[in-house]
Amino acid sequence: MNILKLLADLAAVDSDSFERISGRRVVLASLGQNGRRAVAAAVPLALSGVLTKAYGRRSSTVLDAFSLALTLEYLESDFYTQALASGLVFPGTTKTVIQAIAKHEQDHVTFLQRTLRESSVEVPQKPKFDFTGSKNATQPALFADVFSNFSTFLKVAQLLEDTGVRAYKGQVENLMTDNDLLEAALRIHAVEARHAAHIRGMRRALGANVRYWVSPLDEDITTAPTAPVYADENAVKQAIVTTTDIILFPLDTATGVVTTTKEKAEQSIREAFDEPMTETVARRIASLFIYA
Amino acid sequence: MRRRSFFRVAGATVAASTLVLAGCGDDPKIEPTDTGTVISIGDGENGLLNYVYLLEQLEATFYQKIVDAKPAFLSAAELTAITDLRDHEVIHREFFKQLLGGNAIGTFEFNFSTLTLTTRTGVLEAARLLEDLGVAAYNGAAKLITTKNTLVLLGKIASVEARHAAFIHDLLGIDPFADVVAATGADAGLGPALTPAQVITAAAPFFLPYTIDVSGLPLA
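In order, the protein sequence lines correspond to chains Y and V.
According to the working numbering, the stretch in the first sequence is residues 7 to 298, in order.
According to the working numbering, the stretch in the second sequence is residues 900 to 1119, in order.
Covered by chain V, per the in silico footprint, the following chain Y stretches (three or more residues, Cβ under 8 Å):
#: 1; segment: 103-115
#: 2; segment: 187-196
#: 3; segment: 250-258
#: 4; segment: 277-283
I should point out that these hints are in silico values taken from the structure, not numbers from a laboratory.
Built from N, CA and C at the ideal position, the CB exists for glycine as well.
Start from the sequences and build out the full structure, keeping to the hints where you can.
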């Protein structure tokens, strides 16, 4: 890239992005891989700060991923807030844990809102939620006793948390151009996975047939509307894409993987990998509880 | 051009001042005490994959040791669950081995002499250390990955490690989120992320007499 051409390009950049963006990232996403290489090779060091600001505007793909995440965090945050404000009885020490989870979800909302605001993106408003799934009593409820029966509450919590884990996982590839946000999303993703596991632990303590991880042995708590939460979650083979080929893990010839019976090994493989979920599916699940 | 050198060029302002401030006392490079026992994890994407492969070897070996010992202080149900964790970690280990193919590092033996494996608390605290470290390691490694498919695969495993960690926290009967979710500050609600150098330092006793050199891995 010719350095004069580069300066001309810089001048053409939306001028208010210079002032508006205050992040620390080095995105250069709009240039693409070859452009980045050319810039890195051609630009004197002193220019790098200007470049960072000029191209620091976050891509719409990245911000779309965070908007989806915010919708799901609104959903989870409101769920726990409503539960804690309801007459629901929390046995034993579970209330303390639920309060901690509620605080995390609110923190996630705050974090995502701040990120979107700093990127000058309109922050989506919090929708109105009905966690019975009756859309504000306009249709039959999916979970009529969600805030009066602790067992039902935990089932819905598990569905929401496992959805959150899968939805964040589905967005990581859209965040690859922005290391700061990718890392933040994964740090939230891990917290959501801990939430999901602890909720599963609470259900297990009450006698439910469920594990801390997603297992084909878990009792099915879905109905037709919530079936997408675990659809395609139990892959028994993982694709490894090399530069030349797609191979599958485990290979049919792999012996080191099987520590007991073939059946047990397959069960463990299904458990050992959590599968991502597309934005479309995540929004469909969220919409079960949104009425306005 | 590798990501590391790209970072050095494009982020020069930030990087340069950081280096000046850090001086010589904060060099992340592992200094070997005996040049004969330093093992390099390599560089680039294969180096990163070997790094997580090493961590999965560590976890799998640890749980195998517990499963083999069948300690009386673990209930039958707990031992069954620990066996499940062993199976998951063996699968992760073999997964990375297959993914790396001819680029995979060898099979390690680990040094657990700093752990107390004769009590229930000792075993579970060791498991907690390894699982929480693993979660933070995945959180910190993902952004260093440049291949989309590889990143997605790491994400599939990372959340399972977090589920393991949560399970161990519950077995210990401790606060589920102490030390693993920031309570205040700009990253409130986020879990920790550790760099490869930080993770390898935390796990250093398990590699003795070997030292793992991660200085070839990408930094950003």
